Amino acid sequence: MSERPSSGSNSSATPSSASASIGRARTVREVVFVDGVRTPFGRAGEKGIYAGTRADDLVVKCIRELMRRNPSLPADRIDEVAIAATTQTGDQGLTIGRTAALLAGLPRTVPGFAIDRMCAGAMTAVTTTASGIGFGAYDVVIAGGVEHMGNHPMGAGADPNPRFMSERIVDPAALNMGNTAENLHDRFPAITKDRADAYAVASQDKLAAAYAKDQIQPDLVPVATMKPGQGWTVNTVDEPPRPGTSVEDLAALRTPFRAHGRVTAGNAAGLNDGATAALLASADAAEELGLPVKMRLVSYAFAGVEPEVMGIGPVPATEKALKNAGLGIEDIGLFEINEAFAVQVLSFLDHFGIADDDPRVNRYGGAIAVGHPLASSGVRLMNQLARQFEEDPTVRFGMTTMCIGLGMGATVIWENPNHADYGTEYTTNKTGAAA
Amino acid sequence: MSAADFHKLAELFPNETVTHSYVQDIQLPAVNGTSPGTFALVTLDNGLDHSKPTTLGPNTLMELGTVLEGLKERAARGEIAGVGVTGKPYFLVAGADLSTVKSVSGREQGLWMAQLGHDVYSTLANLGVPSFAFINGLALGGGLEIALQSTYRTVSTAAGALALPESFIGLIPGWGGVYILPRLIGPENALKVMIENPLSNNRTLTGPQAFKLGVADAMFEPADFVEQSVAWAAQVIAGAVTPERANAVDPADPGVAARWAGAIAAGRTFVAAKTSNASPAPAKVLEVMEANRTLTQAQSAELECETLADLMQTDEFRSTVYAFLDLVQRRSKRPAGAPDRKLARPVTRIGVVGAGLMASQLALLFARQLKVPVVMTDIDQARVDKGVGYVHAEVDKLLQKGRISPDAANRTRALVTGSVSKEAFADADFVIEAVFEELNVKKQVFKEVEAIVSPECILATNTSSLSVTAMAEDLEHPERLVGFHFFNPVAVMPLLEIVRAPKTDDAVLATAFELAKGLKKSAVLVKDAPAFVVNRLLLRLMGEVTAAFDEGTPADVADNALRPMGLPMTPFVLGAMVGLPVAQHVQESLHTAFGDRFPVSQNLQKLIDNGVKSIWDPASVTAGKPVIPAETLALMSFGDSPSTAEEVLRRTQDALAEEIGLMLDEGVVAGPEDIDLCMILGAGWPMFLGGITPYLDRVGASQRVTGRKFLAPGVASEPAG
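Chains A and B, in that order, are what the protein sequence lines are. At position 34 of the first sequence (counting the first as 1) the number is 34 in the working numbering, and the numbers step up by one without a gap. At position 197 of the second sequence (counting the first as 1) the number is 632 in the working numbering, and the numbers step up by one without a gap.
If you're looking for bench data, these hints aren't it; they were derived computationally from the structure. Since we're looking at a predicted model, the values are computed, not measured. For every residue, glycine included, the Cβ atom is placed at its ideal position computed from N, Cα and C. Wrong hints could be hidden among the right ones.
[What the hints assert, rightly or not] Label-pair restraints from in silico Cβ distances:
#1 G837(B) x L102(A): 20 to 28 Å
#2 L102(A) x A817(B): 46 to 54 Å
#3 R765(B) x G244(A): 51 to 59 Å
#4 Q816(B) x P74(A): 49 to 57 Å
#5 A439(B) x Q217(A): 35 to 43 Å
#6 P111(A) x K832(B): 34 to 42 Å
#7 N467(B) x G155(A): 20 to 28 Å
[What the hints assert, rightly or not] Straight-line distance between alpha carbons at most 30 Å, and here's what the computed BS3-like set of lysine-lysine pairs gives:
#8 K709(B) x K1144(B)
#9 K487(B) x K227(A)
#10 K768(B) x K938(B)
#11 K227(A) x K507(B)
#12 K768(B) x K952(B)
#13 K647(B) x K821(B)
#14 K955(B) x K821(B)
#15 K47(A) x K487(B)
Let the hints inform the model, and build the full structure from the sequences given.
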């Protein structure tokens, strides 16, 4: 299944052998998402479950779990380990993709690198290595991300260029994510604090329901930690969720970024520790090695927006990714959108005319409940979309999308292998699209 | 009884560094869709970093016992499905707190200590739910017995130092190890762990070795050892996994009974060969294991406690703790009298004068350990080539054995070069001579070297018996000369005697100590005195035995008279190994210095003159039945005043006590502890002698000869009062 017929504009660009000017003919190869796991997420800080635990160790647990879950994959067939981290110093430094590969016990012949696109780090690790698979540079890769925000507080050690301010390239306030969320509320007055709080409560409720249905636990890697005076324990569930949160609870929270503002700790993702990792392969390699296919990569796109309203980033990124795929928003049956802030999700939903409580969106809840260890979150979205694909074969296309600090958005569109039409040509439901 | 009943004992040790028992409840992962329940994981942690191992003292055991009793109650209430025990990083637990055990006074307290351990461990073994030990790292003695007393065990592939070293220490694995281990891994394997390894330089097992023997049921890698161990425990508790124990035996089985007896017999032979039965502990291990084949675990426990209480009262045990903890582990790392290490100068290039066997061994050691260029010189190219060739061949051997990588082999070979000109020493920081043992030769060598090297270059001599002071006399810079006395074989023997001559300056001495550390040798500072410490005592000992032989004592009586000391080899065998001419040469220089305390044997001289290399026929020694060839016997003449073995032993004890008394009076070393350290590390004398001074104290020799004991009460003997 290396070549997939489709009407997508460039989902299967195949130069004919005659047009391949140098060497052999080159075929863009299909990329599949084989498997993904993550650590339980923790609350950053002294009391959090990962206080005293190293970030690289969290990545190592994920890589080893992927290898255990996919025993048919010989470790020496892994061609790359791309691990994202926003702060690449200390236990997240030293080219963490390579160090994590070595620490995980992968063969020394397996290379690795570190990658950074702030919150979309893991997502970029996936798209970058997927492109390498498509190009033929890799057969199998591990892509993931980590952020130990307890060990690396946001922005620590950063040294913004004074020109940002002197030349007004970026409003200094835009370097603080909470401020950009308040700015987004300013831009879209229809998104009130009440709406944001209601969305946040729903996120908590959906996550609690997903936990009750055992939809989250299967993709968690247990992590043993030891703290002074407490001994070893094994962490198997997320620490950030606050199930049972009510809108009344949230209404009482202070608005730290602006007096009488709208953004609170309750309608935003917290500061968290955690790691994720996914296994991607060319469709051919997956078949050869007997690896399962959970999703097929259809298209992806990144887009820049004004840094002052970075939360709107998913909108242009999604439009671009849809265009690349030859799809319309109507074709997307499931959305996994990162909830850095409720306002940012709501601005996306409003733009595309989707209801706040649309059942296609974040079925298992989102980062407001589960947490957002910056560079790790992209793969969490993919893990959850993959599981929802499996649960719901009626959905053919799904989307993972997120906003990114300094004004960007990232979107990846995936196809469900469980869908009846998987592997066949598709047409879009998009009004007026050239099918 | 309950752990709390032992508070009388615990209160005696208010300063114990307590290893705490922290408990965490863990929800076991689902097996076939259902979690088998809650798992209580106990972590043994003293809150200190990895340089401070966790140990088991009375307060620690009381806390662990109390915690386990609480878990037993929870198990009875159905709250927990299993209990795990693991340790802080790198340690399960290092075993009984030896400094505590050593200072237990009186048999009753020792018995309490033994009983406390059994009380706690039997709670672990009878919780009402399965117990699991996760052996994450080092587990010695009582530490490993925690694991053995658990229902199941996992071990980390990275765990090092798993052992039951009690027979080496002077005790028995008497917290159940001696009962459980032979049943778990078979009697032969059990004796490998309880007897052979401890008595072979206190060897230990790695995680994979322990797993292979059957000590552990499952093995996991360190990166997620605790997680995987907990997941495995869940499988076991749920009944999804049943560990197979291929080496486990049922002692009631007649075939096993025969194996048991055979293993015990083989163990006795091994112990006799290794220790001449000079220490009571190994025999007790065999005795208790032999008895417990037909005992219940409770009956064995009682026997173990009584035996431990007895052994804790022995001076062999106290001497071993002194030798092992106070000397080898502590004093050897902080040599008495060494100057401030900040005075040490960097050494980046080394010269070795001579290219003979000793010089070549030194060149190899310097190149391998210090990784700096080493140049060897000798008087002609053939000798130089032979020396360098020796080093290259040794490197090749290491490479073939897989001990070093090809890159390291290339590096080491490239570091060692040779020259026929001492000009090659021009930029050396440290030049050591290993030429013929003749004062004038050495003085000439240093004169030539001094003309070439910088004024700061340190000069060292590997002399074993010449005066370093005399060697320094004509030097332009006598303060730069230091004695650097290695023991043969250089790569193996851990001792280095660093000799300070009257003019040796502190920077030179500090550099010598730093070099020793870089060479991974334990250095002892000695004053320039004939033959320093080890050779002086060895030759005093050999001199006594040879004199008794020359006087008419039968050879086997003379040569075996010191068996009760448990030395690594008999005096005649040692003499042959050192080489009779070398021994005689040193003896002569000692005779010159000290007179008749070091008699020069005319019989030995005749053997040397006739090219005889050994009193015993070497083949007969190997065969275990030493005989003197008739032609050797014919060369010698004997007196008519034979001694009994007891007399030879006593005169040797007295001679050693006299010599040590004089050495301490002369200030050859800082104290009797350094004498002991030298004999343990340089001559391989056993720890149960405490080196030598605790032995001479306990047999009364020091009192007889010097009118005083060398060590204060309690240092290596029962505390006073």
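Cross-check of the supplied hints:
no., hint, in the structure
1, G837(B) x L102(A): 20 to 28 Å, "holds (22 Å)"
2, L102(A) x A817(B): 46 to 54 Å, "holds (49 Å)"
3, R765(B) x G244(A): 51 to 59 Å, "holds (58 Å)"
4, Q816(B) x P74(A): 49 to 57 Å, "holds (55 Å)"
5, A439(B) x Q217(A): 35 to 43 Å, "holds (41 Å)"
6, P111(A) x K832(B): 34 to 42 Å, "holds (36 Å)"
7, N467(B) x G155(A): 20 to 28 Å, "violated (47 Å)"
8, K709(B) x K1144(B), "holds (28 Å)"
9, K487(B) x K227(A), "holds (17 Å)"
10, K768(B) x K938(B), "holds (25 Å)"
11, K227(A) x K507(B), "holds (25 Å)"
12, K768(B) x K952(B), "holds (9 Å)"
13, K647(B) x K821(B), "violated (44 Å)"
14, K955(B) x K821(B), "holds (26 Å)"
15, K47(A) x K487(B), "holds (26 Å)"
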